[in-house]
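Q: Residue-level listing of the chains:
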Amino acid sequence: MKDNLRFVDSDMHVMEPPDLFERYLDPKFKDRVSVRVGADGRPSRGTSGLILVDGLST
Amino acid sequence: MQQYHKRRKSGPTKQTQPIAGSRLQETDRLDFAIERDYNAEAQVMGMELEGVDIAVLYPTMGLGLLARHGLDPRLSLAVCQAYNNWIHEFCQHSPDRLKFVAMLPMHDVHLACRELVRCVRELGAVGSFIRPNLLNGHYWHSNYWDPLYSVHEELNVTWGFHEGVSAPYSHMIELYGENRFYGHVAAHWIEMQQALIAMMIGGVFEFHPKLRVAFLECQNSWVPGLLSRIEWDYPQYRDSHAPYLTLTPKEYFRRNCWAAVEGSEPEIEATASLIGADRMCISSDYPHFDSNFPNVSSNLLKTCSRDTAAKILMGGAGVYGFTEADFQKADRAAGARATRAGKLAGKRAVAVAG
Numbered sequence: 001m002k003d004n005l006r007f008v009d010s011d012m013h014v015m016e017p018p019d020l021f022e023r024y025l026d027p028k029f030k031d032r033v034s035v036r037v038g039a040d041g042r043p044s045r046g047t048s049g050l051i052l053v054d055g056l057s058t
Numbered sequence: 059m060q061q062y063h064k065r066r067k068s069g070p071t072k073q074t075q076p077i078a079g080s081r082l083q084e085t086d087r088l089d090f091a092i093e094r095d096y097n098a099e100a101q102v103m104g105m106e107l108e109g110v111d112i113a114v115l116y117p118t119m120g121l122g123l124l125a126r127h128g129l130d131p132r133l134s135l136a137v138c139q140a141y142n143n144w145i146h147e148f149c150q151h152s153p154d155r156l157k158f159v160a161m162l163p164m165h166d167v168h169l170a171c172r173e174l175v176r177c178v179r180e181l182g183a184v185g186s187f188i189r190p191n192l193l194n195g196h197y198w199h200s201n202y203w204d205p206l207y208s209v210h211e212e213l214n215v216t217w218g219f220h221e222g223v224s225a226p227y228s229h230m231i232e233l234y235g236e237n238r239f240y241g242h243v244a245a246h247w248i249e250m251q252q253a254l255i256a257m258m259i260g261g262v263f264e265f266h267p268k269l270r271v272a273f274l275e276c277q278n279s280w281v282p283g284l285l286s287r288i289e290w291d292y293p294q295y296r297d298s299h300a301p302y303l304t305l306t307p308k309e310y311f312r313r314n315c316w317a318a319v320e321g322s323e324p325e326i327e328a329t330a331s332l333i334g335a336d337r338m339c340i341s342s343d344y345p346h347f348d349s350n351f352p353n354v355s356s357n358l359l360k361t362c363s364r365d366t367a368a369k370i371l372m373g374g375a376g377v378y379g380f381t382e383a384d385f386q387k388a389d390r391a392a393g394a395r396a397t398r399a400g401k402l403a404g405k406r407a408v409a410v411a412g
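These protein sequence lines map, in sequence, to chains A and B. Here the numbering used here is used: the first residue of the first sequence is 1, the next is one more, and so on. Here the numbering used here is used: the first residue of the second sequence is 59, the next is one more, and so on.
With the rest of the complex left out, here is chain B (with noise of 0.2 angstroms):
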């Protein structure tokens, strides 16, 4: 297959996004974490490299774990349990400001509406995380995932889309076969947009009109464009089909919708003025090979006016509904935090000078 040519160009390749170029691949930027074998201490630094004032995680090796077909629904919960305990304890090293979303048992779906309401009362977990895929037949304008939108409703947390690559459930594997790049660009993309028209068309928002839903990792520039093109069929369709839509599908974005950019996509100023900058997000990606760690905030400063940024920056409190209750705890978790390592530098500055 193609991958697996040598360059027959020599010289590097052309680049039109110059700040997107900063990858954390090949680069010495995570020895931190590594070296902290990625303990939450080190997830607290990445942070502070950044300018994070609360982190809402995401697994990676979680990421693919279940997603397959006809997997028992058993060892699915069972495999979610483990990880959301361990992720919540994870997260007690700086409750305030690291969050979590919990992995669900999507093969039952009560199963799963169980599980959130356990992460969620018990836990602290502050929304979902759903991988985007068609999962044993059931798409998202099913009725069999009526249960599981009306309990994020009912417990006021979000539904957070992230996808991976090479799920060996995504109906698009076919399509993929073994070259990584097609599926990396791809399934980051096409698989939200096809749960974004699901869920618009099928009325989870006009019948879940308090759901939030994010789509993460995806960029966001294809948004505005998609769902104009919803619209585009309104009147062909909306009559016949789906006479229950009242809103616009841009109505309905506006309302229960977020989509991230990760700081450096060319198109951000220009999909902001289209959806709104209220309505997006933002993704670090840390530790991944593809994420600009720790320049992400940075990039954003330098795509897009301030004032576009700080509304991305912010972005995130209206997906997971934080309030400037939780800024301020999460303020005094990080000068509590500043205060302990100024003391622990002057011990030492004293220890030096005696």
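With the rest of the complex left out, here is chain A (with noise of 0.2 angstroms):
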């Protein structure tokens, strides 16, 4: 509630995990979709233009 008035919020967005298509995507697409890693080698976060699909930046 916002001032007693209900509130929905049409519009929220999530920051979705740097590991997220590690962890789910089909593993038979796996090598078409590349994300940024750190000097760990893990996934990190970046610019969503840092993630490419089939080689090409989104």
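You may find that some hints are simply not true.
What the hints assert, rightly or not - Below, a sample of chain A positions facing chain B; criterion: calculated Cβ distance under 7 angstroms:
no.: 1; residue: Met1
no.: 2; residue: Phe29
no.: 3; residue: Val37
no.: 4; residue: Thr58
These aren't lab readings, by the way, just hints derived from the structure by calculation. Only a predicted model underlies this, so the values are computations on that prediction, with no experimental measurement involved. Yeah, the Cβ is synthetic: ideal placement off N, Cα and C, and Gly gets one too.
With the hints as a guide, bring the two chains together.
A: Following this line, the structure appears as structure tokens:
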């Protein structure tokens, strides 16, 4: 409630975890989606354009 | 290009929208979320800071992920399935308050229908996330999309148009070039306007009378003018080009559409008087750089009358078909959470006193 008024946020955003595709993408397609990695070799947050799908930026 | 030039005049930029000047960028207001790596707990904390009862979640990275012509439809589907499975789990943190819309593989309309059915029936999605841009040569008045409009109606879920910026497949990207400012201003309005014209003239709302479409993060002061413009052309073109249209554009909009504000637009009251505050809804846009979080709802209450604000804050219930029962479940979830927090605080106080 906001000031005793019901409030539906019609459009809130999530920040997807950088390892989302590592964990959830069908293994058959894993070599077609690449994400930025940090010095530890693990997926790291970056701008969305740094995710490549079939080698092309998004 | 112009954006690389330094400012030539010192001092603050003149502002005609004083309460819109509280954007997230360069503030510490997101520290609680960054500390929690934007997990679902942070999401609910963000809702509480704004006073949100139920939130419908859209992607960030996913906004532009599939924004390309010619993508392999099977890959498009796999990416959507990965996102949808993840966001479903994310919402399980507080399923009565966190809702999501499904990302759809729009590179194949039948795969998109299948994925929507799966997400709604198995994962509890309340609609779809769709970018308004032209894709693979099929725009919104095309019969190509007819099965997807029908499935939305049959499932009683919402078609959520949400634009991003710099989609490689936008037909307007050629105009923007490398100027992100231009792209950000134009994409959020003009792509939506084109989508609304195409749907309206193509008879999407005539042939799918139960379809619910939301135009999100695009403000909405343009809506009444655009509806008038379409009606302006009814005498010249309706009989010859669209004899199937039985209602006026405003009547279709009031039956099938909603458009969002973000709380601080100076035109809110004027727009509400023209299209009805009940066809308006509100986007917090948390946690994006151009959001006014956590002041979105406070701004709205300062911008327009309380009656108008109340309708707009509830607009999302109309968009997504939430009922009193949904709000009661959300209230119970919020209450249980407050009780847990109270007990925890009590234990801490006892521990400190001891």
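Q: Taking the hints in turn, state whether each one holds.
A: Right, here's what the structure says about each hint:
A cut of 7 angstroms between beta carbons decides the hint on methionine 1 (chain A): the least distance to chain B is about 6 angstroms, and the hint holds. Hint status for phenylalanine 29 (chain A): holds, given a least beta-carbon distance of 4 angstroms to chain B, under 7 angstroms. Of the supplied interface hints, the one on valine 37 (chain A) is violated, with its beta-carbon coming no nearer than about 15 angstroms to a beta-carbon of chain B, more than 7 angstroms. Below 7 angstroms, beta-carbon pairs count as interface contacts, and threonine 58 (chain A) has one with chain B at about 5 angstroms; its hint therefore holds.
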